[in-house]
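Enquirer: Next come the chains, spelled out residue by residue.
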Amino acid sequence: MSNFSRRKLITTGLGAAAGVSGLAVGAALLRRYGLVPPDSAGVYGPGATLTYAAQRILTRHSLAREFTPSQISKPPFANEVAPLGEAFKRLQEGAFADWRLAVDGMVARPASFSLAELKSFPRRSQITHLACEEGWSYIAEWIGVPLSHVLDLVETLPKARYIVYRSIQPGWWESIDMADALHPQTFVTYGMNGGELPVRFGGPLRLRVPRQLGYKSVKYITRLTVTDSLKRFGKGLGSASPEGGYAWYAGI
Amino acid sequence: MADSVWIPAAIAIARHSAVVRVTHWITTVCFLALLVSGVEILISHPRFYWGETGNVLTPPLFQLPIPASRSTVPTGYGYVLPDQNGWSRYLHFQAAWLAVLTGLLYAIFGLLTGHFRRNLLPARASLSRQALSIAIASHLRFRPPNEPGAWPYNVLQRFTYLLVIFVLFPFVIWTGLAMSPAIASAFPAAVIVLGGQQSARTIHFFVSVFVLLFLLVHILMVCRAGFRNRMRAMIGGHE
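Chains as they are written, first to last, in the working numbering: chain H, 63 to 314; chain C, -7 to 231.
Some clues are possibly wrong.
Covered, in the sense of this in silico footprint (three residues per stretch, anywhere, with C-beta under 8 Å from a C-beta of chain C), are these stretches of chain H [to be verified]:
no.	region
1	101 to 109
2	121 to 134
3	137 to 148
4	198 to 207
5	270 to 279
6	307 to 314
By construction, these hints were calculated from the structure, which means they are not laboratory data.
From the three backbone atoms N, C-alpha and C, an ideal C-beta is built for every residue, glycine too.
Go ahead and model the full structure; you've got the sequences and the hints to work with.
Expert: Written out as structure tokens, the structure reads:
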């Protein structure tokens, strides 16, 4: 009886030690390959990390499903946004002629593009699904220039790991990793369903990230910052969403 | 003296192995976390659709008669519940991960040790029309099962556990993943065969309701069979 207990104790101890060291090795490997999201501290860190790591391994290059024009939702639905600020209204009065998108941070040539300049770049369109974290969704055609084209123009430095993007609306900002930033369907979007992008849907300029939920597609963007670390932005959690209790990675 | 072996009464009947007990309780905790967080996520949009898309501008398949946590949803109630989606989504996915990893451990154990074959697959004798009708009749009269092959589970219990473990659990995981835009990009067929992302959400809801129904009946049957004994069997492993 005592032999059996001792054996059991030793096996359990060895098992626990193997488990703990396995977890430590796993965590080190995840960090080494950049598979840990910026909001990984805290009680929900393990789940958020597993989700982000698994998605990055499975979906790094996959393309969001595209639909036919007949599948476009009529009419599409847009969630409410906070009342638009003075800065937005001033630019709206000038028909957004003075709207600019600044690109700075870890780039060889920081730049600022007007809407007209962005529209002169290669024009792409995609008919994709936009799903809100609340549960509703719609399909629309999104027209714009791939973010990767804009990043090529300013030439991101090899150390770049994330793109931080900000709305003209105060406190509204997000970030994505390079896998999503360089993804061919991630657009700097200025058009929708064959026309201009309506203000309700983020016009004049919205970053569209079709492989993540709607809240990653920030409306009214004015600035992109290329960085190798998200520690210096806001509370260091990656974007405004984790500061408000929502996951940074929203691919699910 | 040497040949007298003392067996404590408490370990006379071994019921559940350690792996079954540990995975059972981890799954229980996960399911409760998934249920609470799932309800919190659901109330942000208590409308269900069929197909790829659905929002408040499209007619729903049905709408639950409950208030919502978002003001954009027309519910007929004059108030909006507090929004709890942030932590609910974090908790939902964390509990789902733990449940899936626990389920994998259980599945490997069940295959390697013959747990599924021995304890869950119904014996051939119990599948005859006569044996089945006896089992159903005694179940309906709340009689203890005594047909052939009724230990450790009778044929109805075996079917129910097999259905929950090998049909409902995989299906709820699949329909949950099919709602993910990133998973849909990597495995579009997983969404298309369900009829679209909104169909996946609707099926996810119904499968969850079935798992909840199972839980309620499971607790009811445990109470009828003797709550203390069954809890002892699932905690300590012996009756």
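Enquirer: Mind listing which of the numbered hints don't hold for this structure, in increasing order?
Expert: none
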